[in-house]
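> Sequence:
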Amino acid sequence: MSLVVLDGVGVAFGATTVFSGLDLRVEARDRLAIVGANGAGKSSLLEVIAGTAPPAAGRVERDRRMRLAHLTQQSPPPTARTVLAEAMASRQDLTALQAEMAALEQRLSEEGGKAMARYGEAQHTYEGLGGYDLEARARAALGGLGLDEAVQRRHPRELSGGQVRRLELAKLLLQDADLMLLDEPTNHLDLAAIEWVEEFLRGVPAAILVVSHDRRFLDGVCSRVLEIAHGATEEYPGNYSAYVRLRVERRARRRKEWEEQQAHITHQEDFIRRYKAGQRSREARGRQTKLDRLERVPRPVEDERPRLRFTPSPGSQVLLRATELVAGRERRAIAALGRAVLGPGDRVAIVGPNGGGKSTLLHTLAGELEPVAGTVTRGARLRMRLHRQEEAQPDEEDTGRTVLDELLADHPIGEERGRTVLGSLLFSGDEVFTPVATLSGGERARLALGRLALDPSNLLLLDEPTNHLDIPAQEVLEEALLGYPGAVVLVSHDRALIDALATRVWSVEPQPDGPAAVREVLGGYSDLLRARRAAVPPPPPPAPAARRAAPPPVDAVGQRRERAQGRVRAAEVRRLEEDIAGVEAELAEVRRLLADPSTFADPAVGAEAGREHDRLVGALDELYERWSEMADSA
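The sequence shown begins at 224 in the working numbering and counts up by one.
Incorrect hints may appear among the rest.
[To be verified] SDA-like mimics (lysine to any residue), calculated; alpha carbons at most 25 Å apart, straight line:
no. : residue 1 : residue 2
1   : Lys479    : Arg519
2   : Lys499    : His487
3   : Lys499    : Arg516
4   : Lys499    : Ile488
5   : Lys337    : Glu323
The set of hints was computed from the structure by calculation and includes no laboratory data.
Whole structure, please, built from the sequences with the hints as guidance.
Here it is as structure tokens:
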């Protein structure tokens, strides 16, 4: 039975229908990405599937036995528990069993066998649900998400908003759910944590529905894509990259079908006009009848492809030079860059753990922070502009300005050009008259980029520029930066943007003593990963086994029986290891196919590859479980 079935489901915001007519089945182990612009109804769809909001139309059927976990963008009020205890308490089934076993222990002496029998049942269930390793799993999940042991001992009310978000994600990952609904799971995560979550999700047997603006994350986790656009929904096989290619192909094919039908209709209408009153009027009437019955191909909806352009300014060949630079705050050294030179065309991405010093280094280059050591020398014709993370936050004071007013306040370019610039940032029609005070974080981020684009510059310093941006806006920014002739230095967790843009990566790497070291790698994020893998030494060869002392003599028959059983177990372990290697090789080949966009040229082939991937993952899980049992007894 399907986990969830949607039949003709629609979503509305008040009286406005966002989309309608969605038919969808979610099966075990499905991996579905839900994509669309901000406001398309993606989060609302997750709420409808979770049952926390009703559909505006249609019906939703859920498997009653299904365990469902839903990560929303809202955080619950803090409790008095520690972070670790809060994560463990999220498993209410296990905490209830713990309480029951504690109560039964108090009654064992009075009730005897009856209480003992129930205690044994509860203990067996508790063990089967993983209760005895819950603490270890909770510590691993919190640690993987960047909440170390010191943070785990604190209380949620002491955490930052980003840390609370990571705690909520850890709680969800501990649920052992059959269906995970994830709304922006990578928000507030650094790259190491994002990659940890990707690896975790690839290994769980749950079905996953995810809303995310992280294109690389969707590539790594999902094998189907549901697009919500222009009030309609459409499904695509494959990961996000395959969806992008297939979407272009489908739209081109539909455009061609529509144009061919329009040419046919025009030809028929011309014939009918010419001959409806003449000798061929009977034929003309016949053609009119056929035309009236013709099923019309709907006119394709054209996606506007807005273009943003940053205003360049001439500059010298050396725009900025850092010499033995150590960045920090309040004279505390945080990140040591050493020497660096920036010139026109340079594209530098700064990556590293949250709190590691990336923004501190960027703001030191911008001159907003004094270096702890070393110098930053600026070129004679440098025109530098800085984009801060805070620019997406609401202003404390409501100025009463509209989006257009805000753009024109410092850039008197006239309403017509102002509307053109805002259109390139996906503010269309009357949206330019929206009060700034009512804008979302994503809309504020787009407006900030518009102001930045109008300022002449030859060096852009960008602190998390894609935060709050949906994928269409990210692509507009990416294209604008690729066409910018000046230098760009950006702090980002967006691996797709870094790989598309960067010519160098500065990896901020914490050190046990002293400030973080900044390691430079040519290329993008993928090149950094390759450099890291190349730097890891191969494991040493196994040491020769030491001679063992002869064991004391045992019964000869028992000894032969034990040796025979041991050989059988060892042979079974070897056979299982061969089977595991074979399945892993098949799985690697299937994953290679799923990563190749050409696999999805035929949707049936892509779908079959996705099903084969899920089958192999299940088979591998079973083989490892049997191998573990046999290896323990071998």
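> Lys337 and Glu323: Cα distance at most 25 Å?
Given pair Lys337, Glu323 holds - Cα atoms ~14 Å apart, limit 25 Å.
> Hinted pair, alpha-carbon criterion (25 Å max): Lys499, Arg516. Please report holds or violated.
This hinted pair holds, its Cα atoms lying about 18 Å apart.
> Going straight from one Cα to the other, do Lys479 and Arg519 come out at no more than 25 Å?
Holds, at roughly 13 Å.
> Does the alpha-carbon distance linking Lys499 and Ile488 stay inside the 25 Å limit?
Distance of about 16 Å is within 25 Å: holds.
> Taking only the CA atoms, is the gap from Lys499 to His487 under or equal to 25 Å?
Answer holds: Lys499 to His487 is near 18 Å, not above 25 Å.
Violation of the numbered hints given earlier is absent; every hint is satisfied by the structure.
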